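Numbering (my numbering), first residue to last: 51 to 147.
Derived by calculation from the structure, the hints in this document are not laboratory data. Keep in mind it's a predicted model, so treat the numbers as computed, not measured. The beta-carbon is built from N, C-alpha and C at its ideal position, and this holds for glycine as well.
Here are the in silico distance ranges between beta carbons for each label pair:
no., residue 1, residue 2, range
1, Q88, G134, 46 to 52 Å
2, N65, Q88, 17 to 23 Å
3, G128, N65, 33 to 39 Å
4, Y127, M51, 16 to 22 Å
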Amino acid sequence: MECAKFVFARHSKSNPCCSCGLTFSEHPSNVQIEALTQQNLNLQPDISTNSGYHLKPTNNERWHVKTHTQEMQTNAYGTVEFQGGPHPTKARVSVYV
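Produce the complete structure using the sequences and hints provided.
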């Protein structure tokens, strides 16, 4: 999962942070552009952010994992080993919805 919308966390002022925990510059470029476009900024350089743009909160939107993330492909591979359990060769998968 990857954050698909930058939702300004009010507790961050000098280094804008999304409610997902990532800074503005750690988001994909398309998410950064959308955030800047929605704020109708003049895109003037500002030394307060790593990306060079000044961000400010625009509304009271709350970040939710179900609506503000998107699934991405992974390049992960390998074998999972379970150790120390009563049945180390069996795994139980639970899905919470």
